[in-house]
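Engineer: Using the sequences provided together with the hints, build the complete structure.
Chain residues, written in single-letter form:
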Amino acid sequence: MELGNFLKGATEIGKAMGVTLKHLRQRPVTVEFPHEDIPIYPRFRGRHELRRYANGLERCIGCSLCEAACPTEAIYVEAAENDPNAPLSPGERHAKVYELNLLRCVFCGDCEEACPTEAIVLGHDFAMANYERKDFVLTKEELLNPGMPKVIIRPE
Amino acid sequence: MADNVTFTINEKEVSVPARTLLVDAARMAGVEIPVFCSHPKLDPVGCCRMCLVEVDGPRGTAMMASCTMPVGDGMVVRTDTEQVRTVQEANLAFILLNHPLDCPICDKGGECPLQDQTMRFGPGISQLIEPKRLAKKHYDISDTIVLDQERCVLCWRCIRYLEEWEDKPQLGLFERGNETIVDIQEGRPVDAKTGGNIIDLCPVGALTNRVSRFAYRPWEIERTPSICMHCSVGCNVRLDSRTHQLRRIVGRENMQVNDQWICDKGRFAHAWVNDENRLAAPLVRKNGKLTAVQWSEALAYIAAKLTDIKEKFGADSIGAIGSGKISNESNYALQRFMRGVIGTNNIDHRDGGDVAALPTGLPALTEVMKPQYGPDPQVDTVLLFGVDPSEELPVLDLHLKRAVLRGGAKLIIAHPRKVELTRYDGPYLAYQPGGEPALLGRLQQAVENSGTSENGSAIGAAAKLLTESERTLIIYGPMAARGKDGPAVRDALEGLAQAAGEGARLAYVGLDGNAQGCRDMGVLPDQLPGQFPLDDDEARSRLEKLWGCTLSTFAGYTYKQMLDSQEMKALFVNGANPADESPDWAASLDNLDLLVVTDLLSTETAQKADVVLPALGWSESDGTYTNLERRVQRAPKAVTNPKSRAAPDWMMLMHLAKQMGVEWSFSDARSVTAEIATAVPAYSGLSWEALGDQGSQWDADAAPAEAEQGSTRGASADGPDNSEYPLSLVTGTVLYDGGTLFGLTEEMHGIAHGAKVTLNPADAAAIGVDAGSKVSVHSEQGSLELEAAVDAQVQTGTAWIPESLPGAPVGALLNGSNTQQVKVERR
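So the protein sequences, as listed, match chains X and A.
For the first sequence, our numbering assigns the number 156 to the last residue and increments by one with no breaks.
For the second sequence, our numbering assigns the number 983 to the last residue and increments by one with no breaks.
In short, the hints are calculated from the structure, not lab data.
Beta carbons are placed, not taken as given, at the ideal position from N, Cα and C, and that holds for glycine.
Some hints here could point you the wrong way.
As the list claims (entries may be wrong) - 25 Å max Cα-Cα, derived PhoX-like pairs, lysine-lysine:
1) X:K96 / A:K799
2) X:K134 / A:K979
3) A:K640 / A:K979
4) A:K701 / A:K466
5) A:K716 / A:K764
6) A:K461 / A:K445
7) A:K197 / A:K324
8) X:K96 / A:K293
Stated by the list, open to error - Label-pair restraints from in silico Cβ distances:
9) A:E378 / X:T72: 12 to 22 Å
10) A:E936 / X:D83: 47 to 57 Å
11) X:P90 / A:P374: 16 to 26 Å
12) X:P90 / A:S171: 47 to 57 Å
13) A:L284 / X:N55: 26 to 36 Å
14) X:Y53 / A:Q401: 28 to 38 Å
15) X:P90 / A:A918: 50 to 60 Å
Structural biologist: This is the structure in C-alpha cells:
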C-alpha cells in the first residue's frame, strides 16, 4: 500500500517535472515592456490617429460622421471653412476642433467605418495610461501626430 | 370649402377640395409622392419629373406629373405600381448623374430631400462611370448665400421664390441642356431683403448659409421654436443650437404671421448671442473704472444709492428707460419696480410717450396676407404713412407685395423718401418732415370732395382710391408721429380714416420687436399696464392690490424729457442706448448721481454707467413678445452661457426690490408671465402654456377706450425756410444699420448701410458732391462727418441719414423735433 502511494506520488512529480522540463526548452513569453516591443495583430484597435495624405493635407474634412456613429459620444468635431490659399484639407471644409475622449471610447471602430476619407483610424498604441483625466481627451494635434507605438506587427 | 371632389388613390377613396393639386391631395390622403420642384408655397412648374404617378384616363393609363395636375372628380390614381417605381428610380438616377455626392462636406447633408428620397425611392446602385459635369462650387451669390452649381438639381424653387414672393427675379437659369446652371446675373448679387429663404427652399445643398457655414450638422443640433425680435412683425423662427451656442436660425411656419418666410436680418444677424464681448458679470464703478463684483455687492450698492437719492430729492428724481427690444417680462418687472418700489411714473421707452400711437396695432396680419393657396387679402387698399416696410418690417413688405401682385390690393404711399414699394404704381405722396399735417389736410379735403380739389395730382389719385375702396387700412409708424407734431398727425390720420368711409381703419405699428408689448406693459409715463390712463381708478386699485402699494397719479417724464432734464438724479437704462443717439444726451448721462445700465453688451451708455448689470436676452431666457398685430408669442430659452453670470431682468429687479424692502414672489419667468395675465386684463388667460408655439392675439376690444389727449401740444407751423440750411433732414430706420445687434455679424458688413448721407442727384450736383465724396453735414445743433451717396429715391431738398449708423449719431443734428434743416458741404 505504501509502495503504491509512493509510486503514484513519484509519477505525479515526474509528470510535473516533465512540464517544467518541456518549457525549459522554449523561449519565455514575457516581454520586458517598455524595454522591448510588443507583438500585436495588424487589426488591433488601439489609440486613434488622424491621418494625412501624402502631400501633407489632412484627410479629415470635419464631416462629423464619426461623431454620429460613435456609440459613446466620445468624439467632438467642429468644422470650419478652409482658407483657399492655405487649405488644411482638400476641398472646402476641415476640422477646426477634433477631440476624442479615451475614457468614453470603447474602441469599437465604428468611427473608422463611418469615415468617408479614412482619416480616423484606430492605431496600434495601447499604452494609454495617464495621470490626469483631462489628458485622456485627445486633441486634433495629438491625433494627427501619434507617437511610434512600441509594437511589432505580427502576421495574422 | 365650397365643393369637394372625390378621387381614388391606391384603391382608397378620398374627398378633397376642388382644384387641389394631386400632390397635395395625396399628402392629405397620407400617401407620399416624392418631389423636388413642387412646393406648397410656390406655383407648380413640373420640371423635376419626380412626382410622376399613374392616372387612368380616357386613353388608358398615363404617367402624369402630380404636382401640376388638379384633382378631378372620379380620378383614379396609383402611386405604388411597378411602373411608378421604375420611373422614380430612373428619375433619381438621372438627377444624380451630375450631383457631386459630396454629402460629407455639404451643410444640407442629414436634412436633404435628395438624400432622403434616394434612400427611399432610389435604385440603390449607381451605373454611372462617366465623369460628372463640373461647374462653379461654393461661390457667393450674396454676402450671406453660397451657391454650389454642381449640387443644383434645377428645381426652380429659388427662382420662383424670388419672382413670386420677392418680385425680384435675381436668379435665373443659364445655358442649355446638360450645361444648364442656375446663376445670378454678372456682378449683381441677390439683394432681396428676404433672399435667405431660398436656402430653406433648396431641396439640395446648392444654396447654403454663409453665416452658419459648417457650424452645425442637422443630427446634432437642438431645435427650439422661437420668434425673431429684430422687428415688430414677430416672425416665427427655429433656433438651432449646440454646445451652448446658437448655430443657425431658420424660418418656422405660422400662417397668421409670416407664412414661413423670414428676412435676412432675422436669419443671419445672430452673432451677438455668442459674442465674446457679452457682459458676463455685474460691474460697479470704483475709482473711475468699471470693476467686476458679485451680484450681492452690485445690488446692495444700487439699493443704498437709490434710497439715499429718494430721501434727498424725492422719488420723481429717479427714472427708468425700458425698451421695445426686451421681453414683456423684463418691461413689466421694470415698470413694476419704478411704480411699486420707487413710486414714480418716470418710465418710458424710445418710441413711447413722445410718439402719438394708437393702442392696438394692426387689426391682423392675415388681412394683408395672400398665401399660395388661401383667401385673398381682406383689405383692398393700404395707405402707408411714414412707414417703409422694406427697411423697417421686411416680412410685412413681402406680404404687401404679394397682396398687390396676387391679391389685387392697391398701395398708396406717403413717405419723405420714394421708398421701394412705390414701384407698384400706386400714388406716391411726397412730403418733407413737418409737412405731414398739411399733406393729410389736403388729402382729407380731396377725399371729402371726391378728388376734385386735387385733380390730376397724386393726391387726387390717392383720394379717388380711398373713396372707391371699401376696406382701407391706413398704417402709420413712429417716424410720422414723433415729437410735438405727433398728436396733430394722428388726429389728421383719424380724420382721414373717418372721411375715407366706414370700411377704413387706422393702425399704428411700432418698429422694435416688442414695441406693442412695451406699451401693453405700461412702459409709458402716462399709462399703467394695459394702457390704462393713470387716473383710471379701477385699473389703479387693481394694480395697487396686486402690488401692495400706492400708485402715483402724476404723469412722469417721457424718454426725451428724462434725458434732457437736469433734475434727474438716477436713471435705469434697460436695453437702450441713448448715449449713442445724441452727444447732448451722452453729456447729460454723465451728470447723473446714479446710472444703472442693464444690457447685453458694453454700449456707449453702459460705458458711462455707475453700475452695469449683465442681462440675459432673447434666446437665453424665457420671455414673451407682442408683435404689431397684438400677437403674444413665446421666445423660450434656447442657449446658456455656462461661464456667464448674467441674469434675467425680472430676477435682478426682484432681488433689488427685496433689498429695498419689497418682496416679490416670482419663481421663474413664467410666473412673471402669469402675473402679467392678471395685471393686464387684455392678457388674461395668456399663460406660457396657453400661448403655444403659434402665439395668441389679444382681443382689440379689451383695450381701454383711447383717452382724450390734451391740446397742450399744438401743431406747429410749417418748417422754417432757412436759406443757410437748405436741406430738410429725413431720418428713419434701415434694416442693415450699425446697431449692436446687427453690427456683430461680420459677414453682413458688406451690405450694411454705412455712415452715409443720401442726396437727390440734383441736390448733389448743385452742391458739387458725388457718390463716395466725404462730406460734413451741419445743422444749428451740430455736425456730422459722413460719406455722400446719391439716389433719386431721396426727394430734392432733403438729406437722408438713417438712425443707428456706426459712429454717426444723427441725433447730433437734431434739436429734438422731427424737423430739422441741414446743409451738406464737401470736406
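Engineer: Keeping to a limit of 25 Å between CA atoms, is the pair of K716 of chain A and K764 of chain A held or broken?
Structural biologist: holds, 18 Å
Engineer: Do the alpha carbons of K461 of chain A and K445 of chain A lie within 25 Å of each other, as the hint requires?
Structural biologist: holds, 18 Å
Engineer: Hint check: K134 of chain X vs K979 of chain A, CA-CA at most 25 Å. Holds or violated?
Structural biologist: Measuring from Cα to Cα gives roughly 64 Å; hence the hint is violated.
Engineer: Run the distance test for K96 of chain X versus K799 of chain A: straight-line Cα separation, threshold 25 Å.
Structural biologist: holds, 22 Å
Engineer: Between the beta carbons of E936 of chain A and D83 of chain X, is the distance compatible with 47 to 57 Å?
Structural biologist: Since the Cβ atoms of E936 of chain A and D83 of chain X sit about 51 Å apart, the hinted range of 47 to 57 Å holds.
Engineer: Is the gap between the beta carbons of P90 of chain X and P374 of chain A within 16 to 26 Å?
Structural biologist: holds, 24 Å
Engineer: Is 28 to 38 Å right for how far apart the beta carbons of Y53 of chain X and Q401 of chain A are?
Structural biologist: Between Y53 of chain X and Q401 of chain A, where Cβ atoms are some 31 Å apart, the hint holds.
Engineer: Note whether the CB distance of P90 of chain X and A918 of chain A lies within 50 to 60 Å or breaks it.
Structural biologist: With a Cβ separation near 56 Å, P90 of chain X and A918 of chain A satisfy 50 to 60 Å, so the hint holds.
Engineer: Please work out if K197 of chain A and K324 of chain A have their alpha carbons no farther apart than 25 Å.
Structural biologist: holds, 17 Å
Engineer: Do the alpha carbons of K96 of chain X and K293 of chain A lie within 25 Å of each other, as the hint requires?
Structural biologist: holds, 21 Å
Engineer: Between E378 of chain A and T72 of chain X, does the beta-carbon spacing fit 12 to 22 Å?
Structural biologist: Taking Cβ atoms as reference, E378 of chain A and T72 of chain X lie about 20 Å apart, which means the hint holds.
Engineer: Does K466 of chain A sit within 25 Å of K701 of chain A, going by the straight-line distance between their CA atoms?
Structural biologist: holds, 23 Å
Figure legend: structure checked against the earlier numbered hints; the only hint not met is number 2.
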